[in-house]
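For reference, the chains in residue letters:
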Amino acid sequence: MNDSQRPIVVDVRRATKRYNGNVGIDDVSLDVRGGEVLGLLGPNGSGKTTLLRLMLGMLKFTSGCISIFGDDITANGRATRSRIGYLPGDLALYDQQTVRQYLQFLMRLRRLDVMTSALALCSRLKLDPSRRIGDLSRGTKQKVAVVQAFMHEPELLLLDEPTSGLDPIVQREFELLVDETRHRGATIVLSSHVLAEVERLADRVAVMREGRLMVIDDVLMLKSRFARRLDLEFESSVDPAPFASLPGVRAVNVARRTLTCEVVGPETELLRMAVAHGVIGIHAHDPSLDDVFLTLFDRSSHAA
Amino acid sequence: MLLPLFLKTIRDHTRGIAGWVTGILALIAVQLSVYPTVRDTTSRVTDFADSFPEAFKKIFRMDEYGTPVGYLSTELFSATLPLIFIAVGVTWGARVATDEIEAGTADILFSLPISRRRFLITRIAAKVGVLALLGLVLWFALVLGAPVADLSVSVGRVAAASFSTMLTGLTFGSVGVLVGAWSGRRSMSLGISLTVAIAAFVVYSLAPLVGFMKDINPFNPMQWTVGAESLKNGVDIGYSLIALAFAVVLMTAAVLVFDRRDIL
Numbered sequence: 058m059n060d061s062q063r064p065i066v067v068d069v070r071r072a073t074k075r076y077n078g079n080v081g082i083d084d085v086s087l088d089v090r091g092g093e094v095l096g097l098l099g100p101n102g103s104g105k106t107t108l109l110r111l112m113l114g115m116l117k118f119t120s121g122c123i124s125i126f127g128d129d130i131t132a133n134g135r136a137t138r139s140r141i142g143y144l145p146g147d148l149a150l151y152d153q154q155t156v157r158q159y160l161q162f163l164m165r166l167r168r169l170d171v172m173t174s175a176l177a178l179c180s181r182l183k184l185d186p187s188r189r190i191g192d193l194s195r196g197t198k199q200k201v202a203v204v205q206a207f208m209h210e211p212e213l214l215l216l217d218e219p220t221s222g223l224d225p226i227v228q229r230e231f232e233l234l235v236d237e238t239r240h241r242g243a244t245i246v247l248s249s250h251v252l253a254e255v256e257r258l259a260d261r262v263a264v265m266r267e268g269r270l271m272v273i274d275d276v277l278m279l280k281s282r283f284a285r286r287l288d289l290e291f292e293s294s295v296d297p298a299p300f301a302s303l304p305g306v307r308a309v310n311v312a313r314r315t316l317t318c319e320v321v322g323p324e325t326e327l328l329r330m331a332v333a334h335g336v337i338g339i340h341a342h343d344p345s346l347d348d349v350f351l352t353l354f355d356r357s358s359h360a361a
Numbered sequence: 003m004l005l006p007l008f009l010k011t012i013r014d015h016t017r018g019i020a021g022w023v024t025g026i027l028a029l030i031a032v033q034l035s036v037y038p039t040v041r042d043t044t045s046r047v048t049d050f051a052d053s054f055p056e057a058f059k060k061i062f063r064m065d066e067y068g069t070p071v072g073y074l075s076t077e078l079f080s081a082t083l084p085l086i087f088i089a090v091g092v093t094w095g096a097r098v099a100t101d102e103i104e105a106g107t108a109d110i111l112f113s114l115p116i117s118r119r120r121f122l123i124t125r126i127a128a129k130v131g132v133l134a135l136l137g138l139v140l141w142f143a144l145v146l147g148a149p150v151a152d153l154s155v156s157v158g159r160v161a162a163a164s165f166s167t168m169l170t171g172l173t174f175g176s177v178g179v180l181v182g183a184w185s186g187r188r189s190m191s192l193g194i195s196l197t198v199a200i201a202a203f204v205v206y207s208l209a210p211l212v213g214f215m216k217d218i219n220p221f222n223p224m225q226w227t228v229g230a231e232s233l234k235n236g237v238d239i240g241y242s243l244i245a246l247a248f249a250v251v252l253m254t255a256a257v258l259v260f261d262r263r264d265i266l
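So the sequences go chain by chain: E and S.
According to the numbering used here, the first sequence is numbered sequentially starting from 58.
According to the numbering used here, the second sequence is numbered sequentially starting from 3.
Derived from the structure by calculation, the hints contain no laboratory data.
This structure is a prediction, so every number in the text was calculated from the model and none was measured.
Every residue, glycine too, gets a C-beta built ideally from N, C-alpha and C.
There's no promise every hint is true.
What the hints assert, rightly or not - Each computed EDC-like pair below joins lysine to aspartate or glutamate, with the alpha-carbon atoms no more than 20 Å apart:
hint: 1; chain 1: E; residue 1: 183; chain 2: E; residue 2: 224
hint: 2; chain 1: E; residue 1: 280; chain 2: E; residue 2: 343
hint: 3; chain 1: E; residue 1: 280; chain 2: E; residue 2: 324
hint: 4; chain 1: E; residue 1: 117; chain 2: S; residue 2: 66
hint: 5; chain 1: S; residue 1: 59; chain 2: S; residue 2: 49
hint: 6; chain 1: E; residue 1: 280; chain 2: E; residue 2: 224
hint: 7; chain 1: E; residue 1: 117; chain 2: S; residue 2: 264
hint: 8; chain 1: E; residue 1: 198; chain 2: S; residue 2: 104
hint: 9; chain 1: E; residue 1: 280; chain 2: E; residue 2: 147
hint: 10; chain 1: E; residue 1: 280; chain 2: E; residue 2: 256
hint: 11; chain 1: S; residue 1: 10; chain 2: E; residue 2: 170
hint: 12; chain 1: S; residue 1: 234; chain 2: S; residue 2: 66
hint: 13; chain 1: E; residue 1: 183; chain 2: E; residue 2: 236
hint: 14; chain 1: S; residue 1: 10; chain 2: E; residue 2: 152
hint: 15; chain 1: E; residue 1: 280; chain 2: E; residue 2: 348
hint: 16; chain 1: E; residue 1: 117; chain 2: S; residue 2: 104
hint: 17; chain 1: E; residue 1: 280; chain 2: E; residue 2: 260
Claimed, not checked - Sample of chain E residues with no beta-carbon within 10 Å of chain S, all distances over it, derived:
hint: 18; residue: 147
hint: 19; residue: 282
hint: 20; residue: 304
hint: 21; residue: 310
Chain E extracted, bound-state conformation:
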């Protein structure tokens, strides 16, 4: 874990963006190191897209700055963007073109010929490049967006809700692609409003809400801060008292033979005790985004 030795690829310093008085993002600072996958997690309107579009120079800062590969993006945007692949959240392509024509058009504007790699990606995602984009379903268009973001093997990928509309099999393929891309050394920032997705893909998570960065932390560290709900089913009725006294366990309730509780941190002791009491089934509920916010808000209000 020599993370600190890796170069900083994306450096966001106190970035603020307001549109006509509305806050897009407010005083966000974070950095992303080379080879890292950073997940941006938050509900719609939390500022994830604004942050990504600021990184691409599409939006102008109200204040603050962003450097990518060490260059201020407002100074040298073109050179920087040649090393970036972007997948937008609100996807719009040219309906009258075929997939191949569209990819070719983008390559020409990039002054690159990466058709071989683009076609390999198409076949990987089971995307027929000869089809007219206007005839494609939402999910298939999303595949086109994935291909154009990855085809030139960029050093940095900015992916805005990349799996939306993809069926589970393609999602799996996409996750493999993200893994491979990370292993060849590329850096990835991806946004999502699904915690489980970010958890699977990202090394670190930045949680955003109403334009503010609430917390940025290692996925495992962050997850250990959230309460997970467990339903434990026993052979016969069970006494809740010993469970409630375990560290990190709270909100213990017993209904008939089922004990429900919330656990923060490691579950080892709880499971050990459950086995000792003759548990026959366990259901774990991963924290939802709402739970994440509740936990974070609880903490911040306690701290204040």
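Here the structure of chain E is known, so what remains is to put chain S in place on it, guided by the hints.
Positioned in the frame of chain E, the structure of chain S alone reads:
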């Protein structure tokens, strides 16, 4: 210039361009085919033209309706063709900066290593190219069609008139380009540039009759182009340069404004 974008822009609008070309050709065909009848009844037509109120004759510059130049001026170059070219210039101008933004396709486009300035310059070039093409079509059609209709006009003067007409479209189109680059909205650009064009046309038309309009008419793009009456007088270098400078200044401003705006 971004050649792939230029070619794509032209290709995307092939049908629209073909429509305007057909329209211009049809208009010229009709006007030329009517000409022999008009000429053979010159005295009556002149009487007929004379019978219009003085104001009306001034508005449509109907002074020499019986002559080939007067006929073409009145029927084509004083109003109909400039309005067609304004329509082309304004609708295209409104789209130059806005259509990719409104369609959402700008998202991926501006994530590419291309500069916004070059994007807009390319789109402007495509627009100017189309106006120039329509100007050439107009010129060729009249030059080739006139002998068939037994109408004698100078090739050079028709070229001058076609150029001025194209310039009309360009000046008002550049208003559309600037408003579009600033607002990012096609409807706003279309609305404002059409309003400007109509106001300019009214001022130009009524200038011979209304004192204060006569005073402001020298500042009117319509006067710089249509008002030069190039079919009669040849290209008015001074006015044409003013019109060109006007278009260049507006489009340069558009490029600068577009570079600084948010792509939403």
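Each hint, compared with the structure:
1. Taking the CA atoms of residue 183 of chain E and residue 224 of chain E, the gap is about 12 Å. The hint holds against a cut of 20 Å.
2. At most 20 Å may separate the alpha-carbon atoms for a hinted pair to count; residue 280 of chain E and residue 343 of chain E meet this at roughly 9 Å.
3. Annotation: proposed proximity of residue 280 of chain E to residue 324 of chain E holds, straight-line Cα distance about 12 Å (limit 20 Å).
4. Between the alpha carbons of residue 117 of chain E and residue 66 of chain S the distance comes to roughly 58 Å, so the proposed pair goes past 20 Å and is violated.
5. The hinted pair formed by residue 59 of chain S and residue 49 of chain S meets the criterion: a straight-line CA distance of about 12 Å does not exceed 20 Å.
6. Distance check on the hinted pair: residue 280 of chain E and residue 224 of chain E sit about 26 Å apart at the alpha-carbon level, beyond 20 Å; violated.
7. Under the criterion of a C-alpha separation no larger than 20 Å, the hint pairing residue 117 of chain E with residue 264 of chain S is consistent with the structure, at around 6 Å.
8. This hinted pair checks out: residue 198 of chain E and residue 104 of chain S have alpha carbons roughly 18 Å apart, not beyond 20 Å.
9. Of the pairs offered as hints, the one joining residue 280 of chain E and residue 147 of chain E is violated, with about 29 Å between alpha carbons and a cut-off of 20 Å exceeded.
10. As the CA atoms of residue 280 of chain E and residue 256 of chain E are separated by approximately 8 Å, the hinted pair is consistent with the 20 Å bound.
11. For the hint linking residue 10 of chain S to residue 170 of chain E, the alpha-carbon distance of about 18 Å falls within 20 Å, and the restraint holds.
12. Among the hinted pairs, residue 234 of chain S with residue 66 of chain S is consistent with the structure: their alpha-carbon atoms are about 10 Å apart, no more than 20 Å.
13. With a C-alpha separation of about 19 Å, the suggested pairing of residue 183 of chain E with residue 236 of chain E holds against the 20 Å cut-off.
14. For the hint linking residue 10 of chain S to residue 152 of chain E, the alpha-carbon distance of about 13 Å falls within 20 Å, and the restraint holds.
15. Restraint check for residue 280 of chain E and residue 348 of chain E: the C-alpha separation of about 11 Å stays at or below 20 Å, so the hint holds.
16. Taking the CA atoms of residue 117 of chain E and residue 104 of chain S, the gap is about 18 Å. The hint holds against a cut of 20 Å.
17. Between residue 280 of chain E and residue 260 of chain E the alpha-carbon distance is near 12 Å, which keeps this suggested pair within the 20 Å criterion.
18. The Cβ of residue 147 of chain E sits about 6 Å from the closest Cβ of chain S, inside the 10 Å cut-off, so the non-interface label is violated.
19. No Cβ of chain S comes within 10 Å of the Cβ of residue 282 of chain E; the nearest lies about 34 Å off, and the non-interface call holds.
20. Annotated as non-interface, residue 304 of chain E keeps its C-beta farther than 10 Å from every C-beta of chain S; the closest such distance is 48 Å.
21. With a least beta-carbon separation of about 48 Å from chain S, residue 310 of chain E lies farther than 10 Å from that chain, consistent with its non-interface assignment.
In terms of the numbered hints stated before, the structure departs from hints 4, 6, 9, 18, listed from lowest to highest.
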